[in-house]
Amino acid sequence: MLLECRNVCKNYGKREVLKDVNISLPSGKIVGLLGKNGSGKTTLIKAINGLLSLDKGEILVDGHKIGVDSKKVISYLPERTYLNMHKTVKDIIEYFSDFYEDFDKDKAYKLLSNLKIQAADKLSIMSKGMKEKVQLVLVMSRKAKLYILDEPMGGVDPATRDYILDTILSNFDEGSTILMSTHLISDIERVLDEVIFIDDGKIIKSESADKMRKESGKSIDEVFREEFRC
Amino acid sequence: MLGQVLKYDLKAVCRYLIPLYAVLLGLGVMVRLLGFFDNISIIAIICGLMVVALVLVSVFSFVLTGIFSVKHYLENLFKDEGYLTHTLPVKKETLLVSKVLVSLITLILTALVLFISLLIAFYQEGLFSEVIKVLGLSIYGMKVYEFLLFMIFYSIIGYLTTILMVYAAISVGYSKSSNKLVSSVVCALIFYFAMEIIYFGVLSVIVLIDPAFISDLDNEVFMMKDLISFFTIFMVFTACIGGVYYYISYRYMNKKLNLE
Numbered sequence: 001m002l003l004e005c006r007n008v009c010k011n012y013g014k015r016e017v018l019k020d021v022n023i024s025l026p027s028g029k030i031v032g033l034l035g036k037n038g039s040g041k042t043t044l045i046k047a048i049n050g051l052l053s054l055d056k057g058e059i060l061v062d063g064h065k066i067g068v069d070s071k072k073v074i075s076y077l078p079e080r081t082y083l084n085m086h087k088t089v090k091d092i093i094e095y096f097s098d099f100y101e102d103f104d105k106d107k108a109y110k111l112l113s114n115l116k117i118q119a120a121d122k123l124s125i126m127s128k129g130m131k132e133k134v135q136l137v138l139v140m141s142r143k144a145k146l147y148i149l150d151e152p153m154g155g156v157d158p159a160t161r162d163y164i165l166d167t168i169l170s171n172f173d174e175g176s177t178i179l180m181s182t183h184l185i186s187d188i189e190r191v192l193d194e195v196i197f198i199d200d201g202k203i204i205k206s207e208s209a210d211k212m213r214k215e216s217g218k219s220i221d222e223v224f225r226e227e228f229r230c
Numbered sequence: 001m002l003g004q005v006l007k008y009d010l011k012a013v014c015r016y017l018i019p020l021y022a023v024l025l026g027l028g029v030m031v032r033l034l035g036f037f038d039n040i041s042i043i044a045i046i047c048g049l050m051v052v053a054l055v056l057v058s059v060f061s062f063v064l065t066g067i068f069s070v071k072h073y074l075e076n077l078f079k080d081e082g083y084l085t086h087t088l089p090v091k092k093e094t095l096l097v098s099k100v101l102v103s104l105i106t107l108i109l110t111a112l113v114l115f116i117s118l119l120i121a122f123y124q125e126g127l128f129s130e131v132i133k134v135l136g137l138s139i140y141g142m143k144v145y146e147f148l149l150f151m152i153f154y155s156i157i158g159y160l161t162t163i164l165m166v167y168a169a170i171s172v173g174y175s176k177s178s179n180k181l182v183s184s185v186v187c188a189l190i191f192y193f194a195m196e197i198i199y200f201g202v203l204s205v206i207v208l209i210d211p212a213f214i215s216d217l218d219n220e221v222f223m224m225k226d227l228i229s230f231f232t233i234f235m236v237f238t239a240c241i242g243g244v245y246y247y248i249s250y251r252y253m254n255k256k257l258n259l260e
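Chain order of the listed sequences is D and U. For the first sequence, my numbering assigns the number 1 to the initial residue and increments by one for each residue that follows. For the second sequence, my numbering assigns the number 1 to the initial residue and increments by one for each residue that follows.
The hints are simulated quantities; they were obtained by calculation from the structure and are not laboratory data. Please read all numbers here as calculations on a predicted model, not as lab measurements. A portion of the hints provided could be inaccurate.
Below, a list of computed lysine-lysine pairs in the DSSO-like style, where the Cα atoms sit at most 27 Å apart [said to hold, decoys possible]:
hint : chain 1 : residue 1 : chain 2 : residue 2
1    : D       : K87       : U       : K176
2    : U       : K255      : D       : K65
3    : U       : K256      : D       : K56
4    : U       : K176      : D       : K36
5    : D       : K90       : U       : K79
6    : D       : K14       : U       : K176
7    : D       : K105      : U       : K7
8    : D       : K128      : U       : K255
9    : D       : K143      : U       : K7
10   : U       : K7        : D       : K56
11   : U       : K11       : D       : K65
12   : U       : K180      : D       : K14
13   : U       : K7        : D       : K131
14   : U       : K255      : D       : K19
15   : U       : K180      : D       : K56
16   : D       : K72       : U       : K255
17   : D       : K202      : U       : K92
18   : D       : K128      : U       : K79
19   : D       : K72       : U       : K79
20   : U       : K11       : D       : K19
21   : D       : K131      : D       : K87
22   : D       : K56       : U       : K143
23   : D       : K202      : U       : K256
24   : D       : K105      : U       : K133
25   : U       : K91       : D       : K143
26   : D       : K19       : U       : K176
27   : D       : K72       : U       : K225
28   : U       : K7        : D       : K122
Build out the structure end to end from the sequences listed, making use of the hints.
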């Protein structure tokens, strides 16, 4: 298995945010991590990336515990902008190139030129949407085994959503796995191989997208709405 | 990887320091240039003000250097930038060692720039030979340059321990779920008072072992080597406390990281 979460628990103070989460993901899949706001999606993603310590349980990525080896194989897009605004596009590409052996500089420049972004452009003068695109390009320019994308299409217009989804789908290796959290299920449902529903820190459903559609006779979006109806 | 991390950390901190260095050197040049015309009263007043400004900036330059190191530590590891820093395939100790080295390097850089600035402002012919003569003098059984080197080394240890204390306080404070900054400040105060208590304890032990030690420092039999041994005890303790702060920072970053 490429990703294994075993009995993962996380509390924020007295509040349990992840409750005994168990996930196993093989290579070569596109997986949707779906849940309402505050259901624990981002917390789980942060834990896999080593940004949060666990209270209980274990996470293995490609057989490695969270650390240098796991980080070598994960390409992570957080839900916020993590780039240093004082840098230029060239600076940040050099930064990625220095730290990630699997980073393809040429691919990054090519993808950025499609967006009409120049190497000398400063991140500080870019719009929020443009910064998010630069970040996506950086993440997808790695030949990683596992791409973890936290709300990659959150708060953007439908045209940009299409661009983001196209960039993701046309830039990952067939053998890699994508774990993507989102609310915009209808936009991504056609590409999903596996679906994980998370609610109140617990995994309530984890199965193949086709099986879910077949058994329910509904789209994943409809199943989600039914499952999480307020 | 340490080299790469160090390169980017240094670049980030130097971005803040370069304006400070420009001001220091600029003031040095201004004092020197205005000094040529100090027979004109208005220029003499401006020159005097420049000297005051140079002294003030000189005094605060080390404080600012420390603040910039801490600001970088906080932003690079515990704010939004931390999402990138902590997902790099780099060991936590490498991240931490780099931050400590940057504090040391920038301290030395600031001292160097300050020295050059003061030299530009106040250099006079024969200054170096005069300084060399003074450095070679012997006071209370010790050469001046030996004493100066000791005090510089002691100051560096003290500076790094203070920086590590703030790093540790931030690491502990930012592991909490809420009120992270307030928790960091509270931690820093606790660490500071704990350090003071330890120093007081060390002093008490010295007095208990040798009751005449402190009074000897203040009478005619005073020798510089006594003062040095007095400071050496404190330097060793300061270094050990610095080591403890390093461990706390590492432990919290490695086991209790909480980028909520």
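Now the hints, each set against the structure:
1. D:K87 to U:K176: violated, 30 Å
2. U:K255 to D:K65: Judged against 27 Å, a Cα distance of about 13 Å means the pair holds.
3. U:K256 to D:K56: Given pair K256 (chain U), K56 (chain D) holds - Cα atoms ~12 Å apart, limit 27 Å.
4. U:K176 to D:K36: holds, 25 Å
5. D:K90 to U:K79: Status holds; Cα separation ~23 Å.
6. D:K14 to U:K176: holds, 12 Å
7. D:K105 to U:K7: Measuring from Cα to Cα gives roughly 20 Å; hence the hint holds.
8. D:K128 to U:K255: violated, 33 Å
9. D:K143 to U:K7: With Cα atoms ~25 Å apart, K143 (chain D) and K7 (chain U) stay inside 27 Å; holds.
10. U:K7 to D:K56: violated, 36 Å
11. U:K11 to D:K65: Not OK: K11 (chain U) and K65 (chain D) at ~32 Å, beyond 27 Å, violated.
12. U:K180 to D:K14: Holds - the C-alpha atoms of K14 (chain D) and K180 (chain U) are around 16 Å apart, at most 27 Å.
13. U:K7 to D:K131: holds, 24 Å
14. U:K255 to D:K19: Given that 27 Å is the threshold and the Cα spacing comes to 20 Å, the pair holds.
15. U:K180 to D:K56: holds, 23 Å
16. D:K72 to U:K255: With a Cα-Cα distance of about 19 Å, the restraint between K72 (chain D) and K255 (chain U) holds, given a limit of 27 Å.
17. D:K202 to U:K92: Not satisfied, since the Cα-Cα distance of roughly 30 Å exceeds 27 Å.
18. D:K128 to U:K79: holds, 18 Å
19. D:K72 to U:K79: Roughly 22 Å between the alpha carbons, so the hint for K72 (chain D) and K79 (chain U) holds.
20. U:K11 to D:K19: violated, 42 Å
21. D:K131 to D:K87: holds, 12 Å
22. D:K56 to U:K143: violated, 60 Å
23. D:K202 to U:K256: holds, 22 Å
24. D:K105 to U:K133: Violated, at roughly 58 Å.
25. U:K91 to D:K143: holds, 21 Å
26. D:K19 to U:K176: holds, 20 Å
27. D:K72 to U:K225: violated, 54 Å
28. U:K7 to D:K122: Roughly 20 Å separates the two Cα atoms, so the pair holds.
The structure is inconsistent with the numbered hints 1, 8, 10, 11, 17, 20, 22, 24 and 27, although it conforms to all the rest.
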